[in-house]
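Visitor: Please work from the sequences and hints to get the whole structure.
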Amino acid sequence: MATILTKNTKVLVQGITGHQGTFNAGQMMEFGTKVVGGVTPGKGGETVLGLPVFDTMVEAVKETGANTSIVFVPAPFARDAVLEAIDSGVKTIAVITERIPVRDSLEFIQYAKLSGTRIIGPNCPGLASPGKAKVGIMPNSIFSKGKIGVVSRSGTLTYEIVNALTEAGLGQSTVIGIGGDPVIGTSFIEALSLFEKDGETDAVVLIGEIGGTAEEEAAEFIESRMSKPAYAYIAGRTAPPGKRMGHAGAIIARGRGTAQSKISSLEEAGVRVASIPAEVPKIILKEV
Amino acid sequence: MKLLEYRAKRLFDSYGIPIPDGYIVRSPEELLNVSFPTVLKAQVPVGGRGKAGGVKSASTLQEARTAAVGILGLIISGYTPKEILVERKLAIEREIYLSVTIDRSGRIPLLLASSEGGMEIENVPDEKIGKWHIHPFIGIQGYQIREICSYLRIEDPQRRELSELLRNLWKLFWENDCELAEVNPLIQTQDGRLVAGDAKITINDDSLYRHKDLLNLEEELTPLEREAKEKGIAFVQLDGEIGVIANGAGLTMATLDNLALYGGRGGVFLDLGGTDDPKKTEQAFEFIIKASPRVILLNIFGGMTKCDSVAEGVLAVKNKLDISIPVVVRIRGMNEQQGRDMLSGAGIIAFKDLDEACRKASELGGA
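Residue numbers (this note's numbering), protein chains in the order written: chain H, 1 to 288; chain P, 1001 to 1367.
It is possible that some hints are incorrect.
Under 7 Å between C-beta atoms, here's a sample of chain H residues computed to sit facing chain P [as the list claims (entries may be wrong)]:
| hint | residue |
| --- | --- |
| 1 | G155 |
| 2 | L157 |
| 3 | I276 |
Everything labelled a hint here was simulated from the structure, so no lab data went into it. For glycine and all other residues, C-beta sits at the position ideal for the given N, C-alpha and C.
Guide: Set out below in C-alpha cells:
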C-alpha cells in the first residue's frame, strides 16, 4: 500500500507521553515502523523511548520530516490535535481515539479534504503492512506477510480474523481498520480502491457490521469497479433493531443497516460471505 | 440520547422555532386553565405512541382529566409516561416534513424536506423527499432556502417565516451536537402560521460532556442498561439465555452470531473493551449476573492481553460472587495455555476455538 504506508513512512505519535501513546509507540517500533518522535503540548524537550517529544506538530514535522501521524489524544482534545496535524502538512493521520463527538469528526474530516490529507478513523485500530510498518494498535503477533488485503470497521474482530488468516497460511499485504464511528475519514470504498490499485494485494477481505449503508455501497463498488476477488464477514446478524451494539455506528435505525441487507448486497455483487469469523480463511482456500 | 418531545420543543422555542401553546402535567389534578379544544400527548422516548393510545383530544375539562388518567396508566413499548404535554389543538391547513441529520456516506449534514408531513419519513417514497447537503463551514445558504421554499410550494407571507425557521433549525442542529433534529409535522395553520406540531431531537452521546444542560434520564434504556451507562460499560440487554462478555464491540457481535449457529441466544451483550484489568472483569461479571443468564460465555481475543491474568480475574470473581451457573471461557493471547489450564483446574470450561466455545455454551443454555 505504497500510497499510504511504506518501510520509509515517518510517524509522529500525538499524545506520546500518555500510557497508550508510549506503549503503542514501542509496539510500532518493534513492528519495524520508523517512529521519529512525538507531540504533547507542554512536554517539549522530553524524550520517550529515546524519541524526541515536541510541543507542536509544526515543530515536530520540521525537525523530523514526518509524513504521518497517529493520534492518541483524549476525545475532548482530539479535534484540536487532528486540525493541528492537518495544518502541519502530514499526509496521513490515523485517529485511534474513541468517543469523539460526531460534530468534531465532521469538522476535521471536511477540513482535511481541503488539503488532500487522508484521515483514517476515528475510533479505529489503524493500519499495518506486515514486513513494512504499522501505524496503529493492532497486536504485532497476529500478522504474516502475504497477498490478502483486509479492511474492517472493527478492532478486536479484525484481530480475530487476521489471526485466523495467518494460522491458515494466508498472509496479509495491508490491514486497514477504518473505524466504528458513524462518520469516518476513509470509507470502505476508498480503502477498496486503494487495494484494487495495490500491486501487492491479490484478494480483499471486508469485515463489516450493522448500521449505515457503507457495506451496500462497497458491494456496488466491488461489482462495478473491482477485478480482484473479495470476501466478507458481517457482524450483527442477531443484533436487535434500535440498540447501539457497542460501536457508535452499529445501530439498526428505522429498519436500515441490517446485517441481512448487507449480506445480500455483497452476495449479489459476487462476494462470498462467511457466516462466522473462523470461516473466512476456509472460503478463501476453497477458491484458490 | 433522545429528548422527550416537550424538552425538544423547549429547545425549539429557545431557537425561535414556533411551538404550540402548552404545558406539562404529571397528574389529572394539575389540569386547570385549559383552552379547548386541547390535545394531550404522552411523553415517552419511543415512536408509535399515537397507535398505543398515548395521544388524545378533549373539549371539556372532564374529558381532559379522563384522558390524562388513561394516558398515565399506559405502557408504551415498555415505558410508562410520567408526563403529559397538554397543547392547544391547531387548525391544520397542511403538514410539512423537515429534518436535519447526518449523511454518513457523504460525511456531511443533510436537510430533508417533504410535503408529505405527518407520517413517518420511512413511509414516504424517496421521490417525494427533497435533500440538501449543508456544509458545516458555511451553514445553510440563501439559495438553498429559496430552493426548499419552492420545493415545498411555500409562498409569501409564509416564505419569510419558513426561511427564518430553516436557519434556526440548522443552527440548533449544529450548536447542540444533534444526530437528528426533526419537525414532523410542521403545521401550516388555517390562519397562516407555521408551528412545530411535534419535535424529535437526538443528541450525539459522545458530545454529552459539553451539553450537561440537556441530560435526559428518561432514555430508551432498561434500568440495567442505564446503570451500565453511568458506569461507562457497553451493555445491551437481549432476549436470550446466554450472557456474553467479549473484548471489543465487533467481536462481541460476532460471538452472538456464532452462538445463533448452534441455537444459542444471547441474553446480554457486554463489551469489556481492551483491558485485562481484573477489576473490569469483576465488574462485568457482577453486571451480567444481574441479568440472570443461564450460562456465561467470556470471549477474549487479546494479542497483548495476558491470558493468565484474565484467568486469575475470572477465578477471583467466581469465588467472590459465588457463581453457580456454568461459565464457558474462550481465550487467545499471551500465556494462553497457562490461562486455560488454570480455568480448567477450577471447573471452568476453557476453549481455544471460538466456534467450539459457542457450541458448548449453546448446549448448556438449553439450545
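Visitor: Indicate, hint by hint, whether the structure satisfies it.
Guide: For each hint, the structure was consulted:
no. : hint : in the structure
1   : G155 : holds, 5 Å
2   : L157 : holds, 3 Å
3   : I276 : holds, 5 Å
Violated hints: none; the structure is consistent with every hint.
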